[in-house]
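Visitor: So you can see what is in the structure, the chains are spelled out below.
Number of protein chains: 4
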Amino acid sequence: MSHSGSFASDNTAGAHPDVLAAMARVNTGHAPAYGYDEHTERTRLLLRRALGESAQPFFVFGGTGANVTALDAVLLPQDCIITAATAHIQVDECGAPERHIGCKLLPVETPDGKLTPALVGPHIKGVGFEHHAQPRVISISQSTEYGTVYTPEEVEALSEFAHSRRLLLHVDGARIANAAASLNVPLKAITSDAGIDLLSLGITKNGAVGAEAVVFFREEPAKRFKYVRKQGMQLPSKMRFVAAQFEALFTDDLWRRNAAHANAMARRLAEGVRGAPGVTITQQVEANAVFATLPKNRIAPLQEKFFFYVWDEATSEVRWMTSWDTSPEEVDAFVAEVGSGKWGGGGGGGGN
Amino acid sequence: MSHSGSFASDNTAGAHPDVLAAMARVNTGHAPAYGYDEHTERTRLLLRRALGESAQPFFVFGGTGANVTALDAVLLPQDCIITAATAHIQVDECGAPERHIGCKLLPVETPDGKLTPALVGPHIKGVGFEHHAQPRVISISQSTEYGTVYTPEEVEALSEFAHSRRLLLHVDGARIANAAASLNVPLKAITSDAGIDLLSLGITKNGAVGAEAVVFFREEPAKRFKYVRKQGMQLPSKMRFVAAQFEALFTDDLWRRNAAHANAMARRLAEGVRGAPGVTITQQVEANAVFATLPKNRIAPLQEKFFFYVWDEATSEVRWMTSWDTSPEEVDAFVAEVGSGKWGGGGGGGGN
Amino acid sequence: MSHSGSFASDNTAGAHPDVLAAMARVNTGHAPAYGYDEHTERTRLLLRRALGESAQPFFVFGGTGANVTALDAVLLPQDCIITAATAHIQVDECGAPERHIGCKLLPVETPDGKLTPALVGPHIKGVGFEHHAQPRVISISQSTEYGTVYTPEEVEALSEFAHSRRLLLHVDGARIANAAASLNVPLKAITSDAGIDLLSLGITKNGAVGAEAVVFFREEPAKRFKYVRKQGMQLPSKMRFVAAQFEALFTDDLWRRNAAHANAMARRLAEGVRGAPGVTITQQVEANAVFATLPKNRIAPLQEKFFFYVWDEATSEVRWMTSWDTSPEEVDAFVAEVGSGKWGGGGGGGGN
Amino acid sequence: MSHSGSFASDNTAGAHPDVLAAMARVNTGHAPAYGYDEHTERTRLLLRRALGESAQPFFVFGGTGANVTALDAVLLPQDCIITAATAHIQVDECGAPERHIGCKLLPVETPDGKLTPALVGPHIKGVGFEHHAQPRVISISQSTEYGTVYTPEEVEALSEFAHSRRLLLHVDGARIANAAASLNVPLKAITSDAGIDLLSLGITKNGAVGAEAVVFFREEPAKRFKYVRKQGMQLPSKMRFVAAQFEALFTDDLWRRNAAHANAMARRLAEGVRGAPGVTITQQVEANAVFATLPKNRIAPLQEKFFFYVWDEATSEVRWMTSWDTSPEEVDAFVAEVGSGKWGGGGGGGGN
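Chains as they are written, first to last, in the numbering used here: chain A, 1169 to 1520; chain B, 1169 to 1520; chain C, 1169 to 1520; chain D, 1169 to 1520.
By construction, these hints were calculated from the structure, which means they are not laboratory data.
Note that the structure is predicted; figures quoted are calculated from it, not measured.
Worth double-checking, as some hints may not be accurate.
As the list makes no split between identical chains, a pair holds if one copy fits it or if it spans any two.
Said to hold, decoys possible - BS3-like mimics (lysine-lysine), calculated; alpha carbons at most 27 Å apart, straight line:
1. Lys1391 with Lys1464
2. Lys1293 with Lys1464
3. Lys1356 with Lys1394
4. Lys1391 with Lys1356
From just these sequences and the hints, can you work out the full model?
Guide: In structure tokens, the structure reads:
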């Protein structure tokens, strides 16, 4: 890329060197395929230590696959999933949940990407009425697509609410490392201890090559999952190379160091641009994303130097993501560019 | 593993060192995600050179995903796929094609895993009749699950037959490298030049970490495929690491060298055990698999030393697979064990 | 039923005598099954006269089946449907569209159950972006689930808008007869002349025993539909008995007389209760439904005498439906009950 | 039709007058929709008396819908159904089971359309192995598509076999009346008493207008079925008219009289043509179908006078179906035509 830097997404970053090293380390001789090898078993134990004894992790290829197969294991086709209108499963998976599971998604509008019992409540209706899809899972993203974070108490409030209505709580944890680092709590505190039922645990965005896990905190779906994963096209044959990536990131809490760095870079960026003419930070910067509005005519020139996405054309809201390898220098260069007067004359103003 | 060697499957092997090296090489800085990076583009051109100018390759995670999304791109739900009763899509994908695409599979009995126009013909019926699923694709495995190989002429006969009946020809090429090496022809000769329409191109079994491609030789499905791949949960975000694996194997024909070696090891194994008491080779050994029957009471003792699968309990037929890293010594040790008198006394005999 | 009358739904009504008579009339000897009979052919022509020469009608069993198969014929699984949050396909079909088609539905909040280009516009996004489901169909209900009606101009505005964005316009016409009667226009005026692309044409709620049609105004989906209908479990074998019901209702415009009567009864009901203490009509009464809020404590007592549904528990909004056979006496008895002081003392008040 | 008679299918016949009369009888005033009416409840009890106290019947629209929703209620998507290669669900439903349920069908070759434990056994494999679809249901047709009939003992042997392997037994009873009449046993004898788990109970082919039932003999699927039926687009709104058809046929065993008549006509036809030059009856005539081969050049001339289907072009095998309203005169006219020398000269001979 000819850009000075990329704030497009945490998946434009490469892999942490430890991850590639771990993959090379397991590359010795033959090993049983499909996860029946010792590397996989060892890594599953590593994850159980991090997530709690009830955790049953299964490795899969990708994030969409993790979400879809996790949900598939607990849903009947007539069930529906209540989720934020901004959730990855609703907005960014090309309808994969509906296609593969056959279920309905009920999107809920939120100010900050976060569900609450109060927001979810009105969508739990038609229970027992055969004309309605049956609410069965509440799915939240941790951290959210807006870079906000659920506290352990907020997760627990949702899991208690879910269970009181006979629903399950799913966490899309593509960026759960960023949440745990932001909260400075162990992963357990926002998963098993907070009563969640199932988790998509991502590491791809946090320094892996490509590896995700589905984690169940209940027995039944874990029993079925081997079929669900295979049928969901998410069963890696040479599983040791997926496990190795988790091993690297769960050794000496590399996952936390990577995530904490990304979070720090986002805070640095946010602090840097705050007050720049025409720039308004629109969401709490709690993880590794910064959302801001800026004058429409300044977006394209800025994108010529730094790659990032426009989140909402209508409001000129943009998203700036940092990652495990974002350098302070890149952030500072970006901040300087945003703060410079170079965007040219009129129009821009304070405005939006 | 404590086994002396594994003849279980070519996916119990590890990755070729060049593959890991290529992955490390692309791990520099940020790159656009989802395949919009230069590494991916470069590798797609490399594949087009190997497969013909009409080839449109797309990288995906796994073999089942490659088959399902390739077929999904050309089928309507009411269509059906005619395939060998032994085909991976019929037997080894846990019903993923039916689940995800919604289509019907029509299994055809074959002596050797290979379809012919004569075998397929009677299954093309009910065309235009709304009560029947509509035949739309013939799917063959190259090499087959029995380790047999279609010649270029045989592929061409099938593609001509398919087109004459308004069907398409799909090749499950999880082991197409072994076929091309066995035939000593370029990949083109058994793909574009032979008139096939779509291909699942696997390299995982041939020395990669985990990487497959869907290749279209027609425009329409290629246009749609970006949605099909995403919805099919087969879109790697850090695509460059998948592309790099292809790059390694398509540089200096590493794919062919790996496959030729595996094939040679299978022939060595077959030659070695031919004539051993009670052992009958049941299929032509044309790629990297040896199928044989042997006395039932000899299977378990042999499996204690070498890992392999029983293919058919009823007939005591077993499958021995070789791979890119199988050593002549392993083969010879195995052959010695099979040929030894250690299996004990009675019963066995020549028999089956 | 022991109730004095039912305002629950237009499908609690029975069948018009002409419908049963027509069914008896076609019950003579053998006829080809699955719609290849002369009764079916004759009735299809009758519908074309009513709906316009481009109309291609196909008979199916039920309303959900009509909607799902109609949409299935024009959608790819990665497509999505934009519809009102109150639409039958969104709320009352137990997720059948998602299950059977695999597509996504995007619900749009509306004040009155009616979509407009301005409401739909912001939901058409991510076009060409593989992470998003692709907007392909706008689906409206005519008359709406709120008993409101789209004028021909409003339908045309939506179809022009849809086509300008390369989308199609689907009309769920379970109650299209009520709309046409309300507008006093021919069916053509709100279908083919208004540029719609596909229609679910219902007669069950308007005096039939059970019969619906899918009508295409374009060639391509009509060609595929025979497979879609069969696979969608909507192909009646003794089709003549379904066709006969349409024949009865499309002879001498019985459909319009039935619908006009139902509409008149709804207006009579609305006029009657308007001004009753605590009763507020919440939607325009344009077809055969009356929506109103009334004091919460008055709902149950009223339901003991007359059967009807609570639409929204939170706001005490109820729905009163009239049908082709609702008598003025029933309406008047109901109005008298609503207007009576019998609901008991306090609380009620004007208020809600 | 201008034909002298139709032996095409039992669904080219019309409805028995009692059926239309029963539909008219329930057409009085309003009744709750969707099966919550007294007519439906009364008829469900009637069916329980016929099928056994464990029977839980649910009415649906059509035969394909009955099969698909019945199976959907007991299957997970990774499950598979073992059925005869000639079964309606395999051959005549346009892939609806795969499409809607997502499951795999395993077709078993049979000589006479009948499964046995011995035929099924080899197809129960890969149990517990995640690469294979999991065998879960054995589905038989009673009477079969070849007009053959399972005895109570044969059904019981299959249900015991199924249960011993943790499978369920489904009966596609589109023509179960013909089987019971042929065997001269109560319906119980070949359903609940024979240990079957789920039944598609058809009456459309036996004198109804259009009505089928799904019957469960276990609790769990019955509990879920209300959602499955709605989502499967098989929930009639004015259910009383479907129930009435069952009521007519289950009053004074009209179903048995209709079926016995159809069976008798088939026997009359078979006896009549047996020995005609070139005609060979190919299956036991146990229900209301006659299968025969006859000289190829005689088929078209015969079809000009009587409508029937060619079953297998390759072998010149045809199917002649009789129905509840087939008259002895029609049969005799047909027999006379078959036996006449009019088919012209050479070739025909005894032959095939």
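Visitor: Run every hint past the structure and note whether it holds.
Guide: Results of checking the hints against the structure:
1. Lys1391 with Lys1464: neither (52 Å within a copy, 32 Å between copies)
2. Lys1293 with Lys1464: For Lys1293 and Lys1464, only the inter-copy Cα distance (18 Å) is at most 27 Å; the intra-copy one is 41 Å.
3. Lys1356 with Lys1394: Result: close within a single copy only, 24 Å intra versus 37 Å inter.
4. Lys1391 with Lys1356: within (22 Å within a copy, 37 Å between copies)
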